[in-house]
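Using the sequences and the hints given, assemble the complete structure.
Single-letter residue listing:
Protein chains: 2
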Amino acid sequence: MKRIADSTVRRLSLYLRFLEEFEEAGLTTVSSEELAARGGTTSAQVRKDLSFFGSFGKRGLGYSVNELTQRMRRILGLDRDWRIIIVGVGKIGAALAQYEGFRQRGFRVVALYDSDPGKVGRQIDGLTVRATDDLAEDNRERPVDIAVIAVPAEAAQRVVDQVIGAGIIGIMSFAPIQLHVPAEVTLNTVNMAMELERLSFALSNRE
Amino acid sequence: MKRIADSTVRRLSLYLRFLEEFEEAGLTTVSSEELAARGGTTSAQVRKDLSFFGSFGKRGLGYSVNELTQRMRRILGLDRDWRIIIVGVGKIGAALAQYEGFRQRGFRVVALYDSDPGKVGRQIDGLTVRATDDLAEDNRERPVDIAVIAVPAEAAQRVVDQVIGAGIIGIMSFAPIQLHVPAEVTLNTVNMAMELERLSFALSNRE
DNA sequence: TTATGTGAACGCATTCACAGCC
DNA sequence: GGCTGTGAATGCGTTCACATAA
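Here the protein sequences line up with chains A and B, keeping their order.
If you're matching positions, the first sequence starts at 2 in my numbering and goes up one per residue.
If you're matching positions, the second sequence starts at 2 in my numbering and goes up one per residue.
Among these hints, one or two may not hold up.
Identical chains blur together in the list; that is why a pair holds if it fits in one copy or across any two.
To be verified - Heads up, simulated SDA-like pairs for lysine to any residue below, C-alpha to C-alpha not over 20 Å straight-line:
| hint | residue 1 | residue 2 |
| --- | --- | --- |
| 1 | K3 | L204 |
| 2 | K120 | A137 |
| 3 | K120 | G41 |
| 4 | K3 | T42 |
| 5 | K49 | V182 |
| 6 | K3 | V182 |
| 7 | K59 | I178 |
| 8 | K59 | E35 |
| 9 | K3 | A203 |
| 10 | K3 | R104 |
| 11 | K92 | T42 |
| 12 | K92 | D82 |
| 13 | K59 | V10 |
| 14 | K59 | D162 |
| 15 | K3 | R199 |
Derived by calculation from the structure, the hints in this document are not laboratory data.
The structure displayed is predicted, hence computed values, not measured ones.
Rendered as structure tokens:
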């Protein structure tokens, strides 16, 4: 498939949310213009974004809310459940484990891990925290799709190597550090401190 | 000032981290090439990024680690403390309140707010949770720079309006929703569910 | 000689504008 | 007539390549 820009994928996620809102509101048809207005973009942008994946609309009419919602789900890979684990059950990790926004989209947290013996065995949201060293064996028995990394910066690269060694190829990191992974692994990093710094920059540099 | 691309600002944050590492390692000079290698970019990119703000290097030599670190801090607005509040002390909000990564960069959490009467009065990390309705008055007495929004999607726009009404012009949102703010307000949103969706897309669409 | 700083070239994402279809 | 789908034009960020300075 043609390479899709990151910005396009982000917008697709937004479109899906809006479509679900429209669906809930009982609308059956939506135009690129309406979708654009809701998301703060342009109708041409919406049509271009969708055109990378096919022709889903009817000229003169717009898009079927129902059909487009299905299509978006399928395109984003959300027409299935994803088995995810969370490594690191400090404040952030524990919060993510219970985050409803994940479950709603089919991301099912199936296990929690931590390297701290003091945390292993603890119960969080119905799951027992396991030792990070058990990861490889666990994953062999019952593979997972995505590992969410929520450990301190110092431990992050080591944990990521362990996760990859266990055979997991999807990684979502919340560690405030630049991670290195082989090409066959897909990594997505959210650095919350960096996001605040972007805000700091924006606030400092406006006339 | 000339408009700076978002991608540039993100890289500046990275450079600063690397510079601090180099500083800690005792290095006094660094080249654009070394900085690039550490961050997975190119030396031309590093030089171009820096060139938007001035000429900080010496030809044939490179950059003074110390001086460039200072410059980066100032450019990013990190040569000062930022007073921030967190609105919404559910799992995510409480986790952020105690996040060390913020404090380290001069982001000082000075107050916590929640609309749930059951949470108001609770102690978290040495701070007493206050009622969101107190926000306007509190901010009049002792203004803050940034409000971090960590409330559910349904409440987010209302809370943001309240925050803006109180006179706060910097907002960092973790609510999984598209927020609307007037032009004079600077908003930065991190949508964790969307980030997982990007990963889902990437994992689903590779040959 | 070495590494910066920067115009120019390039490539990619966004916007335009209109042909095509309902 | 209305709205989509898409080549063409534009704008913007990245890369190139070299003049410049230590």
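Indicate which option fits the pair K3, A203 if close means a Cα-Cα distance not exceeding 20 Å: within, between, both or neither.
-> Intra 34 Å, inter 12 Å, cutoff 20 Å: inter-copy only.
Under a CA distance limit of 20 Å, which applies to K3 and R199: within one copy, between copies, both, or neither?
-> between (31 Å within a copy, 16 Å between copies)
Can you give me the call for K3 and L204, within, between, both or neither, at a CA distance of at most 20 Å?
-> Answer is between: at 15 Å across copies they meet the 20 Å cutoff, but 37 Å inside does not.
Homo-oligomer pair classification [D162, K59; C-alpha up to 20 Å] | Answer is neither: 48 Å inside a copy and 38 Å across each miss the 20 Å cutoff.
Can you tell me if K3 and T42 fall within 20 Å by alpha carbon in one copy, between copies, both or neither?
-> neither (23 Å within a copy, 23 Å between copies)
Homomeric proximity label, K120 with A137: Cα distance no greater than 20 Å = within (19 Å within a copy, 40 Å between copies)
At most 20 Å between C-alpha atoms: does K92 with D82 qualify within a copy, between copies, both, or neither?
-> Close neither inside one copy (25 Å) nor across copies (24 Å); limit 20 Å.
If the cutoff is 20 Å on CA atoms, where do K3 and R104 land: within, between, both or neither? Let me know, please.
-> The answer is neither: 30 Å in one copy and 42 Å across copies each exceed 20 Å.
20 Å Cα cut-off: does K49 pair with V182 within a copy, between copies, both or neither?
-> neither (32 Å within a copy, 26 Å between copies)
Should K120 paired with G41 be assigned to within, between, both, or neither, using CA atoms and 20 Å as the limit?
-> Intra 44 Å, inter 35 Å, cutoff 20 Å: neither.
At 20 Å max between alpha carbons, let me know whether K3 reaches V182 within a copy, between copies, both or neither.
-> neither (23 Å within a copy, 35 Å between copies)
Between K59 and I178, at a C-alpha cutoff of 20 Å, which is it: within one copy, between copies, both, or neither?
-> Neither way: K59 and I178 sit 46 Å apart in one copy and 29 Å across, limit 20 Å.
Of the numbered hints given earlier, the model fails hints 3, 4, 5, 6, 7, 10, 11, 12, 13, 14; all others are met.
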